[in-house]
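Chains A and B, in that order, give the protein sequences. Quick note on full-length UniProt numbering: the first sequence kicks off at 1 and runs consecutively. Quick note on full-length UniProt numbering: the second sequence kicks off at 1 and runs consecutively.
Possibly wrong hints are sitting among the right ones.
In silico EDC-like links for lysine to aspartate or glutamate, alpha-carbon gap of 20 angstroms or less [to be verified]: (1) K109(A) x E62(B); (2) K191(A) x E175(A); (3) K61(B) x D2(A); (4) K32(A) x D80(B); (5) K309(B) x E152(B); (6) K112(A) x D377(B); (7) K41(B) x E52(B); (8) K366(B) x E203(B); (9) K41(B) x E50(A); (10) K61(B) x D80(B); (11) K110(B) x D2(A); (12) K109(A) x D377(B); (13) K366(B) x D377(B); (14) K41(B) x E13(A); (15) K74(B) x E105(A); (16) K109(B) x E50(A); (17) K263(B) x E239(B); (18) K32(A) x E16(B); (19) K109(B) x E87(B); (20) K110(B) x E178(A); (21) K112(A) x E16(B); (22) K32(A) x D60(A); (23) K317(B) x E50(A); (24) K111(B) x E178(A).
I should point out that these hints are in silico values taken from the structure, not numbers from a laboratory. Quantities reported herein were computed from a predicted structural model and do not represent experimental measurements.
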Amino acid sequence: MDFCQKQVKSDCEELLGRFQTTDSVRFEIFSKIWREMNFTQIFYGTVNHERRAFSRLILDTAYSFFLPPFSFQIRVGGLYLLYSLYHCQRASPPEQIRLALKNWEDVKKFEKDAVDAQHLDVIYILRQLMLRKAFNFTAMPTVLAFNKKRKMERAALCEAFMERASRPQELINIELLEELSNVDDHYGKLKTSIGLQADPSINLIRKELVPELRSTVVDFYKWQQRKGGAGGHEDEDSGEGTSSQQECSKRAQLISSIKSKAYGEAAEASKSRRHRQVEVDFTSYEAGPSLSSGYSRTNKPSLKARTNENVHVSGDLWEEATRTTHINRLTTLDFVPEEKPKTYKRFKW
Amino acid sequence: MAASKPSTDPNTNIPEYEYTDVNTHIFHIGSFRNEWLNRLKPSNYSYQQEDEDTFDANFAKEMGISAETMTDLKSICSLDSLCCHPEDEQPDTEVVPPDSTLRTLVQRKKKQDHRASLKISKNRHDLYADELERLTVGRKPEAVTDMVPEGEVILTINVYYPAVYEKFIYSRPHITLLMTGSHSLAELRDAICCVSDLQVCGEFSNTPDIAPDFISKDHYKSAFFFFEGVFYNDMRYPECQDISMTTIEWAKAHKFPPYSQAKMEDTRFMDLKVKVGFPYLYCHQGDCEHLVIITDVRLSHKVDCLDKKLYPLLTHKHRVITQKCAVCHVFIGRWFTTNDQFAPSDPCLFCDKCFRMLHYDAQGNKLGDFLAYPFVDPGAFN
Ligand SMILES: [Zn+2]
Ligand SMILES: [Zn+2]
Numbered sequence: 001m002d003f004c005q006k007q008v009k010s011d012c013e014e015l016l017g018r019f020q021t022t023d024s025v026r027f028e029i030f031s032k033i034w035r036e037m038n039f040t041q042i043f044y045g046t047v048n049h050e051r052r053a054f055s056r057l058i059l060d061t062a063y064s065f066f067l068p069p070f071s072f073q074i075r076v077g078g079l080y081l082l083y084s085l086y087h088c089q090r091a092s093p094p095e096q097i098r099l100a101l102k103n104w105e106d107v108k109k110f111e112k113d114a115v116d117a118q119h120l121d122v123i124y125i126l127r128q129l130m131l132r133k134a135f136n137f138t139a140m141p142t143v144l145a146f147n148k149k150r151k152m153e154r155a156a157l158c159e160a161f162m163e164r165a166s167r168p169q170e171l172i173n174i175e176l177l178e179e180l181s182n183v184d185d186h187y188g189k190l191k192t193s194i195g196l197q198a199d200p201s202i203n204l205i206r207k208e209l210v211p212e213l214r215s216t217v218v219d220f221y222k223w224q225q226r227k228g229g230a231g232g233h234e235d236e237d238s239g240e241g242t243s244s245q246q247e248c249s250k251r252a253q254l255i256s257s258i259k260s261k262a263y264g265e266a267a268e269a270s271k272s273r274r275h276r277q278v279e280v281d282f283t284s285y286e287a288g289p290s291l292s293s294g295y296s297r298t299n300k301p302s303l304k305a306r307t308n309e310n311v312h313v314s315g316d317l318w319e320e321a322t323r324t325t326h327i328n329r330l331t332t333l334d335f336v337p338e339e340k341p342k343t344y345k346r347f348k349w
Numbered sequence: 001m002a003a004s005k006p007s008t009d010p011n012t013n014i015p016e017y018e019y020t021d022v023n024t025h026i027f028h029i030g031s032f033r034n035e036w037l038n039r040l041k042p043s044n045y046s047y048q049q050e051d052e053d054t055f056d057a058n059f060a061k062e063m064g065i066s067a068e069t070m071t072d073l074k075s076i077c078s079l080d081s082l083c084c085h086p087e088d089e090q091p092d093t094e095v096v097p098p099d100s101t102l103r104t105l106v107q108r109k110k111k112q113d114h115r116a117s118l119k120i121s122k123n124r125h126d127l128y129a130d131e132l133e134r135l136t137v138g139r140k141p142e143a144v145t146d147m148v149p150e151g152e153v154i155l156t157i158n159v160y161y162p163a164v165y166e167k168f169i170y171s172r173p174h175i176t177l178l179m180t181g182s183h184s185l186a187e188l189r190d191a192i193c194c195v196s197d198l199q200v201c202g203e204f205s206n207t208p209d210i211a212p213d214f215i216s217k218d219h220y221k222s223a224f225f226f227f228e229g230v231f232y233n234d235m236r237y238p239e240c241q242d243i244s245m246t247t248i249e250w251a252k253a254h255k256f257p258p259y260s261q262a263k264m265e266d267t268r269f270m271d272l273k274v275k276v277g278f279p280y281l282y283c284h285q286g287d288c289e290h291l292v293i294i295t296d297v298r299l300s301h302k303v304d305c306l307d308k309k310l311y312p313l314l315t316h317k318h319r320v321i322t323q324k325c326a327v328c329h330v331f332i333g334r335w336f337t338t339n340d341q342f343a344p345s346d347p348c349l350f351c352d353k354c355f356r357m358l359h360y361d362a363q364g365n366k367l368g369d370f371l372a373y374p375f376v377d378p379g380a381f382n
């Protein structure tokens, strides 16, 4: 089934991409796009023994959109996609949606956000899937058979579906600007106090460092907003969410005004606010509820490399230990391209 | 492997990737099951489905919505809204729609057209695969006591066959078995069939008629599984030996990390600490080694086979190309010979009939010099 993985993913992304442009989390809107794309047909023409495998593949693909790091809106789309695929599949009895233990908290949090915002269709559909036993409660999201093709399969996540980056704002926040301004101030005073301000050789710091830094970040933020274009408020919308579109954009305006206020006040922010970071921390508004668990890919060395590292073979036995057995051949083959320059050096000869 | 996991997650029984998309870190299967059961309501993993009307009523109540709103909601979320064809038409779901813009279908159409041009019909192995699937799904036991309990753990286990030929590295023949958490490793062992258990050992050129009764499984009962530093030995029979001892002592003498032993018949899957997706070892007949990978662990589901007695349940079986007799090319090889002046190659494979015709006279007297060994083809299980 691996042969069509790319195509399946791209079709799902197309559907969710169209859903994203509507700025909506309504199932009505989703099902309209589904019908427009004739998405039910994706199951047509699978031969008997391929049916189950295809259901497995497309459900696993859709499942990934239901999880962080994607925005709330995309995750809603992912849920609708799972619901629709689950019911339209041709395998009988239906193939289940695999829900991994480690993702349970994400799903519960998602459900809570939906309840808080009264997104009735989202909650109803999630609960319907539970009611109908559509989930398998598993250890991991996919079946793991020590597959070597993982490099190819590790396709990029669709950036457009994620929460917008906010690292610059996060890093150059009001706290930092304040601190920097104090340090700069202090430094200037020190220089004055020892009477060195006239010496150009110690003018190592740019003048107006703090305002400049601030305006750069503001520029970046504005550029980002412009680039977001028509869908400018989609990420705010994706937050705790409100039940109507109108309220969504109202809220978006509110958030952006809070943001600009935060920047406007940057210079005169008082020390007493120092611990109340929440109020000025951009990310807490920027990120939807989904960002709670950070997303990172760990790149570890290969199994063989790790084994080599951990097992210390003494003396001339190394040769004996590495002699290729059948089993050894089966386990190592996958990792050959992964190997960095051989790590034999690490062994104590 | 120190510091492979940041200390942010103290619960090591929630499986995470050790190596992304390949295998998990080590966790305890019984505790993993408890983690799930603690989070779920019994109704979540029950084999029974809650009544639809009760569900609706509870939902409306919890959300504080009127019966009218509930009706609207149900209609908006109905599956009819996903229907992609006019009501009065029934589409042919066996055929790939010719003019779809979905990339998956464009590709499937191409593939199907290609296949049609080759006129390949389904072979008996594909039919067999369908057969396996149909048999296993949703079976209920006759006696309630044979029912797999709700919330039981189901494991999917792949057992790989030794890579005898180069090409096996690419195709990796294996069987897939489903087992429950209360099964023991000994039950897994008994479910693995391997030709080396049927191999007849010895040279029988002078007495070809007495060979077939001498089967390995009856003589070499010892075997072990190796999971996470522990050798699980089969000690069910008095003639079983702890064949892991040699390895353990060798490892000790050469400063490997220490290994320990346990009995496979006393170890249930529930008691194991393992990594999902990680290759482990099954060794029998002294040196016949199989990779064993637990590819999945999950809670039982109402569509699983719920009859305990049908486990370990075979869900996949590779097909092996059988090796035919070098003379007639029709029958599966039963003997192989070496130092054989009649043979076109050394060693050479013969079916029983050709072997006897070529190597013995009408009275059964051996002709010429050769050594003959009984042979069991790996494909004999197909
Ligand atoms: Zn074997
Ligand atoms: Zn023959």
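Structure-based check of each hint:
1. K109(A) x E62(B): holds, 17 angstroms
2. K191(A) x E175(A): Violated - the C-alpha atoms of E175(A) and K191(A) are around 24 angstroms apart, more than 20 angstroms.
3. K61(B) x D2(A): violated, 45 angstroms
4. K32(A) x D80(B): holds, 11 angstroms
5. K309(B) x E152(B): holds, 15 angstroms
6. K112(A) x D377(B): The given pair, whose Cα atoms are some 59 angstroms apart, is violated under the 20 angstroms limit.
7. K41(B) x E52(B): holds, 17 angstroms
8. K366(B) x E203(B): holds, 13 angstroms
9. K41(B) x E50(A): Status violated; Cα separation ~34 angstroms.
10. K61(B) x D80(B): violated, 25 angstroms
11. K110(B) x D2(A): holds, 16 angstroms
12. K109(A) x D377(B): Violated, at about 56 angstroms.
13. K366(B) x D377(B): violated, 24 angstroms
14. K41(B) x E13(A): With a Cα-Cα distance of about 33 angstroms, the restraint between K41(B) and E13(A) is violated, given a limit of 20 angstroms.
15. K74(B) x E105(A): violated, 27 angstroms
16. K109(B) x E50(A): Holds - the C-alpha atoms of E50(A) and K109(B) are around 14 angstroms apart, at most 20 angstroms.
17. K263(B) x E239(B): Given that 20 angstroms is the threshold and the Cα spacing comes to 15 angstroms, the pair holds.
18. K32(A) x E16(B): violated, 37 angstroms
19. K109(B) x E87(B): At roughly 25 angstroms apart (the allowed maximum being 20 angstroms), E87(B) and K109(B) break the hint.
20. K110(B) x E178(A): violated, 63 angstroms
21. K112(A) x E16(B): Distance ~24 angstroms between K112(A) and E16(B) Cα, so the pair is violated.
22. K32(A) x D60(A): Distance of about 23 angstroms is beyond 20 angstroms: violated.
23. K317(B) x E50(A): holds, 16 angstroms
24. K111(B) x E178(A): Not OK: K111(B) and E178(A) at ~63 angstroms, beyond 20 angstroms, violated.
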